[in-house]
Amino acid sequence: MAGKKWLFLLTCLLTLGVFLAACSGGEETSSDDGADTEAPAESEDTGEAEETDSAEGEEALAADQTFDINIKSEPPSLNPGTATDTTSAAVLDQVFEGLMRINQDGEPEEAMAESYEVSEDLMTYTFHIREDAVWSNGDPVTAENFEYAWKWVLNPDNADTDYAYQLYVIKGAQAAKEEGGSLDEVGVTAVDEKTLEVTLAQPTPYFLDLTAFYTYYPVNQNVVEGTDDWALDAGENYVTNGPFLLDSWAHQDQVVLKKNPDYWDAETVTLETINMYMIDDENTALEMYNGGELDWAGSPTDSLPLASIPALKEDGSLNIAPLAGLYYYAFNTEKEPFNNVNIRKAFALAINRAGIVENITQSEQQPAMALVPSSIWEESNEGYFADNDIETAKEYLETGLEEMGLEELPAVELSYNTSEAHAAIAQAIQDMWRENLGVEVTLRNEEWNVYLDSMGSGDFHVGRMGWLGDFNDAINFLEIFRAKGGNNYTNWEDAEYQDLLEQSRTATDEAERKVILRQAEAIFMEDMPIAPIYFYTSAWLNKDYVKGVEVSGLGGVQFKWGYLTEE
Amino acid sequence: MITYIVKRLGYIILSLYFIITITFFLMHAAPGGPFASERALTPAIEEQMNEAYGLNDPILVQYVDYLVNAFTFDFGPSFKYVGQEVNDIIIRGLPYSLVLGLESMFIALAAGVLLGVIAAVKHNKFGDYTAMIIAVLGISVPSFIMAAGLQYIFAIQMQVLPIARFTSFAHTILPAIALASTPLAFIARLMRSSMLDVLSMDYIKTAKAKGIGQRVVTYRHGLRNAILPVISYIGPLIASILTGSFVIEKIFGIPGLGNEFVVSVTNRDYTVIMGTTVFYSVLLLVSILIVDLIYGFVDPRIKLGAKGGNG
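One line per chain: the protein sequences are S and P, in this order. 1 is the number of the first residue of the first sequence in this note's numbering; add one for each residue after it. 1001 is the number of the first residue of the second sequence in this note's numbering; add one for each residue after it.
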């Protein structure tokens, strides 16, 4: 009977709770505001990314250097050769290290490589690996480790190496992976234990950036060879060379990283423990942050609930940093009416990007009137046309209709994949097109996999897409549209454009190369196979005592330089 | 009795066969494949991956392979989590879901029955109204809203229980209550009407007339008969708790099987979809069988295996 009474009490509490929840709906927000406005007095300027690294005078380090963050889901692979996603990267970038590491200024700096030389023709790189670089099991990091890891990815017998194409700038790499070429022909050789020579297929100005990417990380051949499941769990087989060690991995639950005492630059590393939780629900994660269980919420390993952003921005606690990424609408250039360039232009110009960014996404995304993000090319701040230029749009529409011999536009369909934000943007744009161009727009929402299928098979008029840069170079964006297929859903192709991209590959002078690439972008924007909408930003919250955690312009995060101060 | 169980087991295998077949073909009919991603693979690499995972075989070959594997409970490796075996995924997710499921079943049954009895005994009095308000709330408030409400009150405002994750007993309380709320309410209503029926029966009146105390009459004579509908509800209850756990596990960040199941469908992770589906089906089918058997024990009037007993 006692148990039942207890349960009854519990049930009563529960009911009371529901009532309270229902009644306090309005109050909830105001009390939250009250709680949060205490803090921001001195953090008016927290909206800046640099905030975290500015050391404001003498700050006492916290005794407990344990950092808690949410990475949203189970990392699909902690083998650098088979990983392809940001969650895995968030772990890999801490536990492994490539020849280079992207530093706090976003530039590649020497990491496993102590120094390197580049040949005159920019085709051959010689890396000298640090004498004091060791694996977590005490083995020295050697040039062979790199050669082995890269060739393992390029070996056609190894499936799951989705990102093998990241290595295709190396001579013979694509041939080995896709055309039955020999792995011995691949341009990577360990000259001696500490010297790695890499021959490229063509001059690649961003090659050093690439060597900091996880597909280029080394693995310890002694451990990995013959142990296929070495990367499935934390343990003695999971041997790494980065600033942190994989201490434990409770699948779907939590990853724990510990400082690596044998790391060559261990002096720089302050954080002792990093707990990475896998909380799928954004609202729950935000509540955990508010409750002090997390030190960080939002980008780049998770996102903040859209509805919470205005209030967070208001109280100044939201951090925002530009991200090299473009949110855009792809036109199907093989389907009427988007096979007409003037119609495409009309649609692109009749979008009020500033309105979308201010009212829907609200994380200070930048209206995009160009293909290459402004964080890579400053010129993109201006873009190739004016935002929300309805007058010109109407002119284009008229010309387009005339060319097509039409009186008015047929109904068009706007596709997007399931997400609150995509839906809101699509509805807004539907409205803008209806009002500005007088066209009937229907919306089509599909689940992600289904959506990719429709887009890939050309079953769409206009569809939303996004692209985040893998490395900090314009070519990463221009290349998508080089040929039909792949990530180019627009079915747009242009000989001159292809020619310019080809020319850029052999250009050895950086300024000259940029001119060529700018020309290519101009051609692209003149033909307008896509309507750029905005350049992405990363938006996150961090506790005031979190310092030095680096969020890169490519959406990566690094804890090497992170530390916690006394609260 | 034995023949009855054998027959039921036969039905279970048959049902499983249909479930597997239908899921297999539905899964392959769904647009998009396991390797679809925002970053399209080069055709050659995609081809190599399809080859490695046997997706290039004719669909019938895949189906037969699949059927054989499913009946030997070998589901192969996940497509998404490189190298992880589906069986390992099920085994590591199961304990969480099991604890959560059992705890919420206990809450639903205990509190539901108690509320129902109180409502019936205090018919048309304050106790009745209170119990029924709770029941109506439980039925009409979806479990995910309940979850958010519980988190808000007990974790954020009162800070007595953790918001999310699943590492101690305290962590299990909120998700279990959220998951139990709907079946709890349903059981309370079921129990109330069934108890009212029983209490108005002649034998209860006789017992009372003989001078047996109210409490004894209610609990010893009434409850035993009134609880029968609740027992037959345990089958659907298990189903409801299994399906409810998908959402609850996501909200509370519990690394359980329900979460895994939902994620696998979005990922088109074929092997995990099949593994979890088969697993859930077996669980459900077997638990329904067990409930039917228990029913026979509680009410001796029902003879299993007799005519009409296999319905």
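Derived by calculation from the structure, the hints in this document are not laboratory data. You may find that some hints are simply not true.
Computed footprint of chain P on chain S; a stretch qualifies when at least three of its residues, placed anywhere within it, have a C-beta under 8 Å from a C-beta of chain P [to be verified]:
#1 91-99
#2 156-162
#3 194-200
#4 268-276
#5 286-292
#6 313-324
#7 378-386
Ideal Cβ positions, reconstructed from N, Cα and C, are used throughout, including at glycine.
Structure-based check of each hint:
Given a C-beta distance limit of less than 8 Å, the hint that chain P covers the segment 91-99 of chain S is violated, as 0 residues qualify and 3 are needed. Counting residues of the segment 156-162 of chain S whose CB falls under 8 Å from any CB of chain P gives 5; the rule of at least 3 is met. Counting residues of the segment 194-200 of chain S whose C-beta sits closer than 8 Å to any C-beta of chain P gives 0, which falls short of three, so the coverage hint is violated. Under a criterion of three residues with beta carbons nearer than 8 Å to beta carbons of chain P, the stated coverage of the segment 268-276 of chain S fails, only 0 such residues being counted.
Restraint check on the segment 286-292 of chain S versus chain P: 4 residues with Cβ-Cβ distances below 8 Å, three needed, restraint holds. Counting residues of the segment 313-324 of chain S whose beta carbon lies closer than 8 Å to any beta carbon of chain P gives 0, which falls short of the minimum of three for the stated coverage. Remark: the segment 378-386 of chain S is not confirmed as covered by chain P, as 0 of its residues place a Cβ nearer than 8 Å to a Cβ of that chain, below the required three.
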